[in-house]
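Protein chains: 2
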Amino acid sequence: MKQPDRIAPEETVGGPTAPTAYRKPNGDSPRTAGDPICLPPGISSARFKTFLLRLAGICGEDNVTAITKEEELHHESYLEPSKCHDMFSIMNKEAFIASAVVSPRHTGEVQAIMRLCNEFEIPVWPFSIGRNVGYGGAAPRVPGSLGMDLGCNMNKIIKVDVDGAYALVEPGVTYFDLHNYLVEHNLRDKLWVDVPDLGGGSVLGNTVERGVGYTPYGDHYMMHCGMEVVLPNGELVRTGMGALPNPKADPNAPAYEQEPNESWQLFNYGFGPYNDGTFTQSSLGVVTKMGVWLMTNPGGYQSYMITFPRDEDLHQIVEIIRPLRVGMVLQNVPTLRHILLDAAVHGDRKSYTDSDKPLTDDEIDAIAKKLNLGRWNFYGALYGPAPVREVMWQVVKGAFSQVPGAKFYFPEDQPDNIVLQTRHNTLQGIPSVTELKWVDWLPNGAHLFFSPIAKVSGDEAVAQYALTRKRCEQAGLDFIGTFVVGMREMHHIVCLVFNRKDPKSCEKAHWVISTLVQDAAERGWGEYRTHIALMDQIAQTYNFNDNAQMKLNERIKNALDPKGILAPGKNGIWPQTYDAKSWAIKRPSLASLR
Amino acid sequence: MKQPDRIAPEETVGGPTAPTAYRKPNGDSPRTAGDPICLPPGISSARFKTFLLRLAGICGEDNVTAITKEEELHHESYLEPSKCHDMFSIMNKEAFIASAVVSPRHTGEVQAIMRLCNEFEIPVWPFSIGRNVGYGGAAPRVPGSLGMDLGCNMNKIIKVDVDGAYALVEPGVTYFDLHNYLVEHNLRDKLWVDVPDLGGGSVLGNTVERGVGYTPYGDHYMMHCGMEVVLPNGELVRTGMGALPNPKADPNAPAYEQEPNESWQLFNYGFGPYNDGTFTQSSLGVVTKMGVWLMTNPGGYQSYMITFPRDEDLHQIVEIIRPLRVGMVLQNVPTLRHILLDAAVHGDRKSYTDSDKPLTDDEIDAIAKKLNLGRWNFYGALYGPAPVREVMWQVVKGAFSQVPGAKFYFPEDQPDNIVLQTRHNTLQGIPSVTELKWVDWLPNGAHLFFSPIAKVSGDEAVAQYALTRKRCEQAGLDFIGTFVVGMREMHHIVCLVFNRKDPKSCEKAHWVISTLVQDAAERGWGEYRTHIALMDQIAQTYNFNDNAQMKLNERIKNALDPKGILAPGKNGIWPQTYDAKSWAIKRPSLASLR
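Sequence order for the protein chains is A and B.
By our numbering, the letter at position 569 of the first sequence is numbered 569, and the numbering carries on one by one without gaps.
By our numbering, the letter at position 552 of the second sequence is numbered 552, and the numbering carries on one by one without gaps.
Treat the hints loosely; a few may be bogus.
One copy or any two copies: either way a pair holds, since identical chains are not told apart in the list.
[Unchecked claim] Derived DSSO-like pairs (lysine-lysine); straight-line CA-CA distance at most 27 Å:
#	residue 1	residue 2
1	Lys501	Lys470
2	Lys501	Lys93
3	Lys504	Lys581
4	Lys551	Lys581
5	Lys581	Lys190
6	Lys49	Lys350
7	Lys470	Lys248
8	Lys551	Lys93
9	Lys350	Lys369
10	Lys248	Lys551
11	Lys437	Lys470
None of these hints come from the bench; they were simulated from the model.
Fair warning: this is a prediction, and the values are worked out from it, not measured in the lab.
Based on the sequences and whatever the hints tell you, model everything.
As C-alpha cells, then:
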C-alpha cells in the first residue's frame, strides 16, 4: 500500500517513558553481554533488561526467556517448534526473531503484559503454539518483538457442552487435545472436531488465522462462536453474547474469570456491530478464549478417493465439482490433490528420481503408475445414514464417471495407501501428523504456502495450475499442490518445498512466491493468508480505490493501538509509529539465483 | 452504558462551518415558515435551507424532500411505508422523525452526501427501503436527522451468477424483486432466495440488520458475501476479495462503477482483518452493494406442520428440537409458533372474543380447537431427493410422536390453512406478505418485536414464555410469539401488538418491552435487534466488564466518524459529539398506565 511519509503523531505516542522514536530497524549498534540476538527497535540494552525484570514480575521468571543463545534458533521440529523464529525461514534465521518470549499463565497476565509493552513501547507478537508451518511459525514480523506464547500455560479446555455441541478453549488447546478429550470422555459417538491436515496446531490459532478443515464444518471462522479478546491497551472484551453478563457471575472476580453468559457459544452476533472478524488475521487484539462449534456425529460416514489419470483432466474435474459442492452433494470440504503431494507423503524425491531438474510429465506419469494413483486424486466423504449416503454416492459417482479412466476407491480397498487412510481419519475429524511427511520431499525439507483463492471453474483452475507450475519449474522446483474446495471457491494451496539449509534453495522459494503474488494480482487472484515475509506485498495487492481498505484498517489500528504495540506489520498493517518503508522485505531476483 | 460527562473534543469536531455545539435535542426554538417539523440538532432554519440547496445540487431537487407537512406523517402501510417516521411509533409521531429525506441516485452521490453532512455537521440515517416493521421502520434515532433513502433509486440486481449461485444487489432490491428475477429468467429450478416472513423488505437491509429466513440459508449474515461500503467520511471500500482490483476494470471510472473482482461474491474473508460484521447493526458505513449466496434447488422439497395440543408441551417439544436441529436433521430454520400467532393470521381478535382482557387458557384452547391447530404449531421442511427426505421424515416424525397428541400435516392436507400454505412457500424461498395480517389482531394494529436469544432448551423456552406472557398480560395484552430455531439457539420473537391510535395502548407496549429488556438481562438473556426507542437500554445490558464492548465500539466509531455524522445513537452507540444522556428515552411506568 501507499505509505505516505509520516511524522510521529505526538498526541498519541510518547508518554511517561523514553521519547518515542519513529520505529526503524536497529542498525549495527554494539551488543553488550547478555543482550538478546535482536533488541526491540529503538530500545537500549539497559532498558530492555529493566523491561524483562518487570515482565518476570508479572509472569514469574520461569515464564520469561530472553533469546540470547544461538542455539535457540535450532528448534526445527513441528512437534517441538521454535518459539522465537521461523523454523522454515526463507531468509536468514535472524530476519524474523523475537528478543524474548513470555508465557503468560492466565488472561490477567496477558492484560498486564499489554500494559507493560505500552509503557515501554515494545512490540509484542502473540502466538498460540507456534506451529503455523508454511506461514512463519512463531516468528514476529518485526525482529526484536516480544514473543507472547499463549499456548504454553493457557491450554485449558474450559468446557465441552454436549447439548449445545460446542467447546470453549484457550489458545494452547490443540486439535489433538480436543479430539482426545472427546475420546476420553466417551463423547466421540456424539461430537466430532473439524481438524486441518495437521492436528498439532491450536484450535483457536487456526481459526483466528482463518484456517480450514475438511468436514462439513471446514470453514473454521464460520463455525467459531464467541471470543474473549485482550485489546492492545489491556482491556478485556467478550464478543457477541459474551458482552451480556451472566447473572450468576461473581462480580468481584477478575473479568476474565467471570462465569460467561450461557449463550456465548450459542449465538455469534450479540447486539450492535459484530466485531469478531476484525480480530482475525489482525493486530487488534489477543484472543484468549474462543468458542468452537462441534459437529454432531452424522449417523454414518464413508470416505472415498477418486483417481483421474491425465494431467489435462483438471478442467473437467473442477467443472464437475462446482455444482456438486454448491448443491451440498459434496457435503464436506473435499480436496483435489496433485499426484506429487501424495507421492511426497509416500516417499522423498530421491526414492523416485535421481534427476535434479523438475520432474517431467513422463516422470510424473510413472510415479502415478507406481503408486496406483491418478495425476489428480480427489478425496471426499459421505455423511449420514446409509440411505442418504447411497443417494449422494450415486450422484457423485455418476458425475465423476464422466471423466474417462476415473477410478473409485474406499479406504478398505487400499489398506496401504497412507494418504487415503489418513484422509479417512481427517475427514471425520480424527487428527494426525502423517502428512508432515511431504515436507521431506527434499533433504532438510521446509515449505512455504502460496495460497490464492480460485473460482471453482475449470478455466481458472487450469490457469492457476499452469502459472504456478511454470514458476516453480523456472526456479527448479517441482509443483506440489492441492485444491481445497470451500462453499463457493477453492483455496489453491501450492506447497513450495525447499531445502532450508541451502540458502540458494531458500532464495528460490522466496523468488517463486513473491513472483507468484505479483503474477496472481495481475490476473485478479488474491491470497487468503501468507508467510510473514510476504505480508506487505500481498496487502499491497488488495489496493482497490487507492488502498481504501488499508486506510480503513490503519485508522482502526491507530485508534485501538495508538503506540503500535501489538503485532506491528501483521498482514501489512503498519501502525502510525512505524516507518513501513524501512521494514520492507527485499525480493530476490531470478537472475541472482542462477 | 456509562456515559461520562464529556467535553466536545475540539481537535476532531468543528471545522470550516459553524462552531460545533455538543449535540443536544432542540428546545422549543421558533419555527419559520417552510421549516421542517424537526430541524437537525443545533442547526438553524437558515443553515438548513442552505444545506437542502446543496443537497439538491448533488441529487437533484426531485430527490430531496423536506418533511414540512403534517401529512407526511401518515404513511402507515407496509407496502408504501413512511420514509421519515416509524409508522408503528410507540411514542408521539415526532419523537423519531427526519428533517428531510434524500434519495441518492448512485453510490457516488452517497459519498457526496456523506461529505456534505460532515461539512454541515448534520446527522444522516440511512435506510434501504424503510420497512423494518417492529424495529422502527425508516425513522432515525436522532430526530431531525437527514433520512437517506437508498432503496428509491438504487435498486438494481447487478448480477445473478448461476454457476457461483450468488447475486449482487443494491439496497433497494426486495426479496420479491430477487425472487421474481429468478422466475422471469427461468432460474427458479436452479436457485432459491432465502426469504424472511415478509417479502417486501430489502435483501441488503435485512442482512445488514442480521435478519433471518427459513430455508437452510436462513442465517442471512452467514450467507452474505462481499460488501461495498461508503465510510462516514465518504470514502468507498469493498470488503473481502472486493479489495483486490479486477484487472479488467476501467481505472478511469469512479471506484463504485469499477468492475469488481470475480471472486468478490465467492469468498468472504479476503486478506487481513475481516471487517464485514463491523458494518452490520452499526453506524460505521453505508452498505451500497452486497453479495448474497443463493441456495441451489435441493432436488426435492416437502414442507410440513406438526401440532401439539397442550401449552405445557413446550418443554418437551424444544428438547426434541435441539438434537435434531444441531444434527441438521432439521435442515432449515423451523419455527415453533404460539397458537395466537396463527390465529391472528386467520382473523382479528374480535372474530374470536368480545373480552377486553387477555385471553385465558380456556379461551385459547377454544381458538386452537376452532382452527384445528395445536397450542404450539411447528413448521419445518425436508430438502433433497425423495430417499433423503424419507430418512429425515422418519426421524422427525418418530421424535415428535413422543409428544402425546402430536399431529402431522402436509400442506396438501390442509388447503385452507393460510399459515401452512404460506409457510410452504416461505420455506422454499417464495416471498409473500400474507403474514402481515396478524398485525390486525387489534384495531389500528401495530407491533413491536421483543427478540431475546434463547437456548434450545425446554427449561429456558418455558421460562421465557412464562415471563413474556406474564408481562404482556400485566399490561392487558395477549401473548403472541414464535421460536425461530437457528443453528444453536432460538430467536424468541414476541410480537407485541398494540393499537397505534390509542396512546395508552402505545404506552403499554412500550412499558412491556422496556420491562422485559430489564427482566431478561437479569436472567442473562439478551436481544438480537430492537426498535430505535429501546436501543440505549439494550446496549446498556451488554455491559460486561464495565462496558468494555461499548468502549470498543465508541473508539472505533470516533475514529471512523469523528464528527458523529452517521446514524448517531444507532444501537446505543453515541459519538463523542453527542451528549447521550440528553437523548435518553423515558420509560413509562406501569402505574401511569392504569
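For each hint, the structure was consulted:
For the identical chains of this complex, Lys501 and Lys470 are intra-copy neighbours only, at 24 Å inside a copy versus 73 Å across copies, given an alpha-carbon limit of 27 Å. In this homomeric assembly, Lys501 and Lys93 come within 27 Å of each other (Cα to Cα) only inside a single copy, at 11 Å, whereas the closest approach across copies is 75 Å. Taking the shortest alpha-carbon separations for Lys504 and Lys581, only the intra-copy value of 26 Å comes in at or below 27 Å, while the best inter-copy value is 66 Å. Taking the shortest alpha-carbon separations for Lys551 and Lys581, only the intra-copy value of 16 Å comes in at or below 27 Å, while the best inter-copy value is 33 Å.
For a Cα distance limit of 27 Å, the shortest separation of Lys581 from Lys190 qualifies neither inside one copy, at 52 Å, nor across copies, at 50 Å. Within a single copy, Lys49 and Lys350 get their C-alpha atoms no closer than 49 Å, and across copies no closer than 81 Å, so neither meets the 27 Å cut-off. For a Cα distance limit of 27 Å, the shortest separation of Lys470 from Lys248 across copies, 23 Å, qualifies, whereas the shortest one inside one copy, 61 Å, does not. Neither within a single protomer nor between protomers do Lys551 and Lys93 lie at most 27 Å apart by alpha-carbon distance, with minima of 32 Å and 41 Å respectively.
In this assembly of identical chains, the alpha carbons of Lys350 and Lys369 lie at most 27 Å apart only when taken from the same copy (17 Å versus 80 Å across copies). In this assembly of identical chains, Lys248 and Lys551 lie within 27 Å of each other by CA distance solely across copies; the values are 24 Å between and 42 Å within a copy. Taking the shortest Cα distances, Lys437 and Lys470 sit within 27 Å of each other inside one copy (24 Å), while across copies they are farther apart (64 Å).
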